[in-house]
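Working from the sequences, and respecting the hints, build out all of it.
Residue numbers (our numbering), protein chains in the order written: chain A, 10 to 445; chain B, 10 to 445.
These aren't lab readings, by the way, just hints derived from the structure by calculation.
It cannot be assumed that every hint is accurate.
Which copy is meant is left open, because identical chains are indistinguishable; a pair holds if it fits in one copy or across any two.
[Said to hold, decoys possible] Restricting the straight-line Cα-Cα distance to at most 27 Å, the calculated cross-link-like pairs of lysine-lysine (BS3-like) are:
| id | residue 1 | residue 2 |
| --- | --- | --- |
| 1 | K324 | K356 |
| 2 | K137 | K222 |
| 3 | K324 | K137 |
| 4 | K26 | K181 |
There are 2 protein chains.
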Amino acid sequence: MDFFAGFDTLPSQLMFKELEIVYSRIVAAGLEINMTRGLPSVAQLELAGSFLSLPGATNFVSRNAIDWRNYGCLQGLPELRELVAEPLLGLPAEQVAVGENSSLALMHETLAYAFIHGLRASPQPWRKEPVIKFLCPVPGYDRHFAMCDEFRIEMLPVPMLATGPDMDTVEKLVACDPAIKGMWCVPKYSNPSGAVYCSDTVARLAKMPTAAKDFVLFWDNAYAVHHLTEDEVPNQPIARLCEAAGHVDRPLVFASTSKIVLPGAGLAFFGSSPTNLVWWLKHRASKTIGPDKVNQLRHLLFFANSAGLTAHMKKHRVLLAPKFEALEAGLSQGLGNMEQVAWTRPKGGYFVSLDLPEGCASRAVELALNAGVALTQAGATHPRGIDYRDTTIRLAPTYLDLETLGIATQVLVVCVMLAIAQNGGSQNSVHGHGMV
Amino acid sequence: MDFFAGFDTLPSQLMFKELEIVYSRIVAAGLEINMTRGLPSVAQLELAGSFLSLPGATNFVSRNAIDWRNYGCLQGLPELRELVAEPLLGLPAEQVAVGENSSLALMHETLAYAFIHGLRASPQPWRKEPVIKFLCPVPGYDRHFAMCDEFRIEMLPVPMLATGPDMDTVEKLVACDPAIKGMWCVPKYSNPSGAVYCSDTVARLAKMPTAAKDFVLFWDNAYAVHHLTEDEVPNQPIARLCEAAGHVDRPLVFASTSKIVLPGAGLAFFGSSPTNLVWWLKHRASKTIGPDKVNQLRHLLFFANSAGLTAHMKKHRVLLAPKFEALEAGLSQGLGNMEQVAWTRPKGGYFVSLDLPEGCASRAVELALNAGVALTQAGATHPRGIDYRDTTIRLAPTYLDLETLGIATQVLVVCVMLAIAQNGGSQNSVHGHGMV
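Below, the structure is given as structure tokens:
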């Protein structure tokens, strides 16, 4: 589909009327492209083909003498914990427990324990507090924010920088407000910007004094091994730094294999200090007799060892990196000379964050949707779905094949340019060369 | 091992001194037998051998067009819901959702939603109520009671009869106390007595007026298809009866395949009224992107259809029925002529409940433990683990092979007789023929 046929110029040099012609051609094409969520592609799912027949007939005997087919083993098979603890959580295996298929569910569960019983250091269960607040680096992950809504946790946005959350703001807020009990952190290849918390950020998060004695970091290491380049970012030593600073119970670490094997059929993990783990498992014991150890064994046999995990992630990278490169190329070519338009170039994870001039994001998303390309809803990256400046769009290039992604990127570029143009050039300083 | 060598009489006709000699022989044998929990035996686990290689390579396409390998499908695959809804929950597939591997966890989750948000009919979230009470038929399931402890729910015991809970007591209590918000029910092959709620009990549970507008039945259909005889008890029509009585939201139905395929690797289900299901899934959406559909497909391929499920349960029965028969025979032979000693003869499920004269249960369990046979702790069948009359012992014959079960039953018989004898014959009316 050549939406630009007849225009002998770069898209960014089109006049407003020409843009409208191109847009009407796109609408007429009747596209149906969905890039709302960070789904693995079908090709990625096929990497787990042999996973589907495992564990099969096996004589595996766990060293803890548990029959992996029967009840029990609340913390999870030690062999599996040893495989994942360091690469996925940056923790020793003894400090990690294996849950079901969703790390989100483990976060929800941990919040439920905090509300019903309080954390170890809580003066009282959170449900008895008049208000509970969480710091939310923004842009961030909509499902974290939805969980706050679910628990009626008040969300305080803090700006997300390329180095992680704005620590000056964070330190000031937590120091003075004892109602701030927690903070969402996606420390590596953050959703949606791809930002990596730098070592200074991590050190300050570990050290900072907090008014709440039971302040915790919900450390969602969702993209621990999800590298897009050779420059593989290591796990940040949050647990060690917190312990050194006298805040051993501060980090609650979560991870999963949802985007490693198969979404839904993966395993989720919780890790923290030894004392927090005891607290967590004590409450968990009222909830379940034990996790799915068949799936644990399936993982163990599929990866064999941590080298197997690393090798498997390289296969994902081979499929994913070209998509991020294509998106980057499309955005550069189409929007590279637009002022107040910027996007991230992540080294891992599943998303790119696109920033537009104030007041343009929701219009661009609306134009794209009308043209058959569903993007993540504008505002989704902000608490309660409200991006007051209306600037941020989350881009999810992983699910589409390269050709479709190329079309979607073209549509995105045209919709962004139209939205900016429609929003009026002057106040938003739009200076595309040929643009009105 | 012939503990009775040299005594030319039935165990029940032994004198006290002779009993002590037999007991010392048992202790000397150094047994290590664990019958504390209702675990499937290794032979039962092996029935699921082919389950371990599923789903394998398959072209399965769900009719809802969901890629079962990817995220989503919060309610679960429609094909799988159709397979299990009627036999396991007695509900239509549209009113059933598929969870993870533990029905206990779904009960815990539902309680959490009730505490955080309230049920649909709740005047306010349960966490805001000064006290929440649940009716607990006794003897009952220790993990239900532990969950009440976890949520600080006050437990009101009601006697469990052969026909289900004592409905005169139940009706009186729920009619006058608005703090009574729920009731635990294991309606079929109840844990531990094996009792089946009769149709009159079920009808009264459905109809009874309750002071709490949001009163619910936690209907734990744990043993829906776990028959031990040809006389297969059907599911009680609790949902239909509640609806007819104007209490459509009253039953919250739970079931799982833990004791059908493999504990831990099974699937758990929640079912209720259409409106309750919407309420439940709405909250669940904040917690997970979707369940493990690979395991759902594995179940679907393993059973193929409901006839496959029925056929599979017959294989369990072939393994389990002889154990219950052997236990029954051993108890009859050893304790059949003891006054105030009685036990149940379940037609399904995993347990037998043994009643001793007042004050003897914990002593019998202690004697058995000292002799190397671990029984379920006395009191476990009662709220907070306290059986004030100290009469009830839960027997779990499923895990042991027949020979070991025979030995354990002999030990049990001797320990029961000793405990009764040591407790003094007069006040407890022990009238074994040759007993002191």
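Against the structure, the hints come out as follows:
no., hint, result
1, K324 <-> K356, "within (16 Å within a copy, 54 Å between copies)"
2, K137 <-> K222, "both (16 Å within a copy, 24 Å between copies)"
3, K324 <-> K137, "neither (48 Å within a copy, 51 Å between copies)"
4, K26 <-> K181, "neither (49 Å within a copy, 78 Å between copies)"
The earlier numbered hints that this structure contradicts are 3, 4.
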